[in-house]
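2 protein chains.
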Amino acid sequence: MNIQGQAFRTIWLKPGDLTRIQIIDQRHLPHQLFIEDLETVDQMATAIKDMHLRGAGLIGAAAGFGIYLATLEAPKNDFFETFIFQAAEKLKSTRPTAVNLAWAVDRQLNAIQQGQSIEEKIDIALFMATQIADEDAEHCRHIGEHGLPLIEAISRKKNGAPVNILTHCNAGWLAFVDYGSATSSIYAAHDKGIAVHVWVDETRPRNQGASLTAWELGQHGVPHTIIADNTGGHLMQHGMVDMVIVGSDRTTYTGDVANKIGTYLKALAAHDNNIPFYAALPSSSIDWQMEDGLKEIVIEERHGDEVKYMEGLCESEIKKVLLTPLNSNAANYAFDVTPARLITGIITERGICKANRESILDLFPEKKQHG
Amino acid sequence: MNIQGQAFRTIWLKPGDLTRIQIIDQRHLPHQLFIEDLETVDQMATAIKDMHLRGAGLIGAAAGFGIYLATLEAPKNDFFETFIFQAAEKLKSTRPTAVNLAWAVDRQLNAIQQGQSIEEKIDIALFMATQIADEDAEHCRHIGEHGLPLIEAISRKKNGAPVNILTHCNAGWLAFVDYGSATSSIYAAHDKGIAVHVWVDETRPRNQGASLTAWELGQHGVPHTIIADNTGGHLMQHGMVDMVIVGSDRTTYTGDVANKIGTYLKALAAHDNNIPFYAALPSSSIDWQMEDGLKEIVIEERHGDEVKYMEGLCESEIKKVLLTPLNSNAANYAFDVTPARLITGIITERGICKANRESILDLFPEKKQHG
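Going down the list, the protein sequences come from chains U and P. All residue numbers for the first sequence refer to my numbering, where the first residue is 814 and numbers rise by one. All residue numbers for the second sequence refer to my numbering, where the first residue is 814 and numbers rise by one.
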């Protein structure tokens, strides 16, 4: 999507230089746009581990490019394969719970094995890294196309008045290679000239909404308003939200949606006020083994200091301030699970389905052996 | 309640000095306990206006003491009354929407008129200011006594394991003269030796939970854990909350509860998980004219910068950091309304009632002409 009028992705091969990958170092957002050059697999591993980049789709693409960098670095002799396998393990260990990471690395390893010579393996790694990234962007673009008619329908009902869409956390293009999941339909509608306005939950404690979603919407020119996470219910009670679209970190094939902590509260409010609530996600986020999201999905607990301290810009520097008594405990659960019964529909790259086993498997019939 | 083992109120006559009022300047909490001396009505007006103190009950008590300070300052001649009336107007204008403020000022004016001499009027003003403060503390103490059996019953059911209570914002003793409304039963249970643990919603955007509730619970020795406002739903889904107690800024006589923004979301989650949800409030917060909270209660909109910037302690100084893109809009609704249907009961100084017209009026039969 656009940054100051110029089209960007979150990760790309450096123009005119086949040996470097460039990424947006998201740690500096929203205050500074910082492009980082990466030329070793170690640098890529650090970028993933220390969250220069984050988001399921983007982590997968970064791992793919990481393996490509490893093929460039690897000794061009019998130790080539060993180096690649060590690089693969290194990349996989950066964020062990990220499903797309291992998937992208394994896809690269399988592809490289097909190469006859080291040169050919390097070519394959570049091709596959690019393909993983392109596929991620394409899946997100398709999610946008499938969600667009939902927004158009509301826009028609409102005679073109802005469609107010609430979103939580960052399921935007910054979490993928391009377009995003929850944001993709919003960008599609905006680019088609449909008036939209986004309520951006700030998303405590890590503020991904306030810092990332607000930034990317603003850069692309989409009208938006940041709100405290407490606010959505009040807005829905007063007819100020037309629909909710969120992303998902893991969705069971029965339609339970794990997403950033607080999503469940917004789903309850949408349900109480008869407002459509959609989860938008590439099918790679669907867990075909899990049946009961509340019982089976393990919720990551992070350090309480993310609640107690807050980072932001102060006199041109990033500073961290303490909000609480120094000695108070804080708990920090990263995700919650929204039960399928509260979800109007799931928007995937193949189309929209209901949040239940039958409807999901109708869209992905090749998975039926799991259902 | 206690601060480092010593009993405190939020406002008091300076020991050994009848000409000064002392308050906790809450702007420095939780990082520093700062006691401020006030000796003029202008200083008291500033303390109320600039929120050195806040909270319905405390504002009323402060206004009462403000009038007392005015009687000390006023010229002891024919202009005495004029000075007092001007002081009254000044105090009332500091926070025009605070119901208790005008009520306390008018109560003082009426009382002072009964005095025959200026000396007597001063004595009356001191007596009445003390009485307003004592009454506030007594009402809160009674709320605690009435709520205590609810906690005791859960404690018995859990065989003495800690009762987990979630609260939102600060309806603690810092918002009143002592005890608080939502916290009063919690302090009563803790002081009786019942094991309790409080989940403290940080309460964005002004963080009253993270800064004030956590501080006062910690100082009194009550176990507590601060959580992002997004977290409560997840905790309730997993049986980690036994009950919710919140305060109220205004409650209709039909049982709709206006409270800090985000309260409605917690009420929805409590309802969805079959967890009792109580509002604790002195009857002075009941609006005997209002029937439909959602339609009639006007919700204050505050400046968006409270969402965009956050204050905290950084290298021993209070600093303000920017969380969002500089140019993004932010909206800041201060309260929401929880419909009566989501509320298990209302705990008042007279006892507990259901959140409906009949039950509330049974507890306050003298108000029946309004129902």
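A hint or two may mislead.
Which copy is meant is left open, so a pair is good if it fits within one copy or across any two.
[Stated by the list, open to error] Result set (DMTMM-like, lysine to aspartate or glutamate): computed pairs, CA atoms no more than 20 Å apart in a straight line:
| no. | residue 1 | residue 2 |
| --- | --- | --- |
| 1 | K1133 | E1119 |
| 2 | K1167 | E849 |
| 3 | K1132 | E1119 |
| 4 | K1133 | D1118 |
Bear in mind the hints are in silico, worked out from the structure with no lab data behind them.
Comparing the hints with the structure gives:
Taking CA atoms no more than 20 Å apart as the test, K1133 paired with E1119 passes in both settings, with 10 Å inside one copy and 17 Å between copies. Proximity of K1167 and E849 under a CA criterion of 20 Å is satisfied in neither setting, with 41 Å inside one chain copy and 60 Å between copies. In this assembly of identical chains, K1132 and E1119 lie within 20 Å of each other by CA distance both inside one copy and across copies; the values are 14 Å within and 17 Å between. Proximity of K1133 and D1118 under a CA criterion of 20 Å is satisfied in both settings, with 11 Å inside one chain copy and 18 Å between copies.
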